[in-house]
Amino acid sequence: MKQWYESLFENYAKKYDAENFVQGTLGECDFVEKEIAFNKSLKILDIGCGTGRHSIELSKRGYDITGVDLSESQLASAKEKAEKENLRIPFLKCDARNLPFLKEYDLAIMLCEGGFPLMETDEMNYEILKNATKSLKEHGKLIFTTLNGLFPLYHSVQQFCESHSKDGNATYKSNTFDLMTFRDHNITTFEDDFGNKKELSSNERYYVPSEITWLLKSLGYKKIEIFGAKLGQFSRNDKLTTEDFEMLVIAEK
753 MKQWYESLFE NYAKKYDAEN FVQGTLGECD FVEKEIAFNK SLKILDIGCG TGRHSIELSK
813 RGYDITGVDL SESQLASAKE KAEKENLRIP FLKCDARNLP FLKEYDLAIM LCEGGFPLME
873 TDEMNYEILK NATKSLKEHG KLIFTTLNGL FPLYHSVQQF CESHSKDGNA TYKSNTFDLM
933 TFRDHNITTF EDDFGNKKEL SSNERYYVPS EITWLLKSLG YKKIEIFGAK LGQFSRNDKL
993 TTEDFEMLVI AEK
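Going by this note's numbering, the sequence shown opens with residue 753, and the numbers climb by one from there.
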């Protein structure tokens, strides 16, 4: 039986590219470039690359990047878009919990919840971090965004999603946030690229900063920094607060 995140991203590439939360690609890639000092000799791994928006933009800027994702239809869209731009980007079908790389990359990115923290157990989410780490070279860097566990303590997740949605986007209802597990359970309603309307029972894990710090320390990261994550405007100047729906994590070995 497929998990909700597998069903959601099946035949959803065009609709996905129209979602509000994926419209910050250029600014996010600007930030990534600064974080690696515009060094085009570095190899980058894009985990949960989806339709390839970050991989394609960074490749256009001259970076050597590989994209991995679990969804065949998302990857097909990524390959099609890259071909139109005459870009040669390896887009591979991989489970982020079991990546085939060992110390191959200088930087790994997981942006806009690329796999982590969508998994059904905390152990599976940890495996994603573990595999991202395994893929990095000795002094590699990991940059990812994840859901901020401080946010639902002060705000309604459902109201936030409703206020940031537009016609045609996926909608979320019946949200219930579990304080014991820090998981938000909801009914996700959406229309796929063929016009089929679907409803899925979804759940996502929210993390507090101290949890992320501990997980990354256990994987051997020496420097861990956490900031607020604003769509398309990642910045080290944004201190994480309870107003941030997402957090931006930068970890160095």
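Hints listed in this document are in silico derivations from the structure and should not be mistaken for laboratory results.
Treat the hints with care, as some may be off.
When the alpha-carbon atoms are kept at most 25 Å apart in a straight line, the in silico DSS-like pairs for lysine-lysine are as follows [unchecked claim]: (1) K925 <-> K886; (2) K786 <-> K982; (3) K833 <-> K855; (4) K975 <-> K786; (5) K812 <-> K845; (6) K889 <-> K1005; (7) K974 <-> K886; (8) K889 <-> K925; (9) K845 <-> K767; (10) K831 <-> K766; (11) K982 <-> K925; (12) K812 <-> K974; (13) K969 <-> K949; (14) K767 <-> K855; (15) K845 <-> K833; (16) K1005 <-> K886; (17) K882 <-> K812; (18) K786 <-> K950; (19) K754 <-> K831; (20) K767 <-> K754; (21) K786 <-> K991; (22) K767 <-> K812.
Each hint, compared with the structure:
no.: 1; hint: K925 <-> K886; result: violated (37 Å)
no.: 2; hint: K786 <-> K982; result: holds (16 Å)
no.: 3; hint: K833 <-> K855; result: violated (28 Å)
no.: 4; hint: K975 <-> K786; result: holds (17 Å)
no.: 5; hint: K812 <-> K845; result: holds (22 Å)
no.: 6; hint: K889 <-> K1005; result: holds (9 Å)
no.: 7; hint: K974 <-> K886; result: holds (15 Å)
no.: 8; hint: K889 <-> K925; result: violated (42 Å)
no.: 9; hint: K845 <-> K767; result: holds (20 Å)
no.: 10; hint: K831 <-> K766; result: holds (13 Å)
no.: 11; hint: K982 <-> K925; result: holds (23 Å)
no.: 12; hint: K812 <-> K974; result: violated (31 Å)
no.: 13; hint: K969 <-> K949; result: violated (42 Å)
no.: 14; hint: K767 <-> K855; result: violated (35 Å)
no.: 15; hint: K845 <-> K833; result: holds (16 Å)
no.: 16; hint: K1005 <-> K886; result: holds (11 Å)
no.: 17; hint: K882 <-> K812; result: violated (29 Å)
no.: 18; hint: K786 <-> K950; result: violated (40 Å)
no.: 19; hint: K754 <-> K831; result: holds (24 Å)
no.: 20; hint: K767 <-> K754; result: holds (20 Å)
no.: 21; hint: K786 <-> K991; result: holds (18 Å)
no.: 22; hint: K767 <-> K812; result: holds (23 Å)
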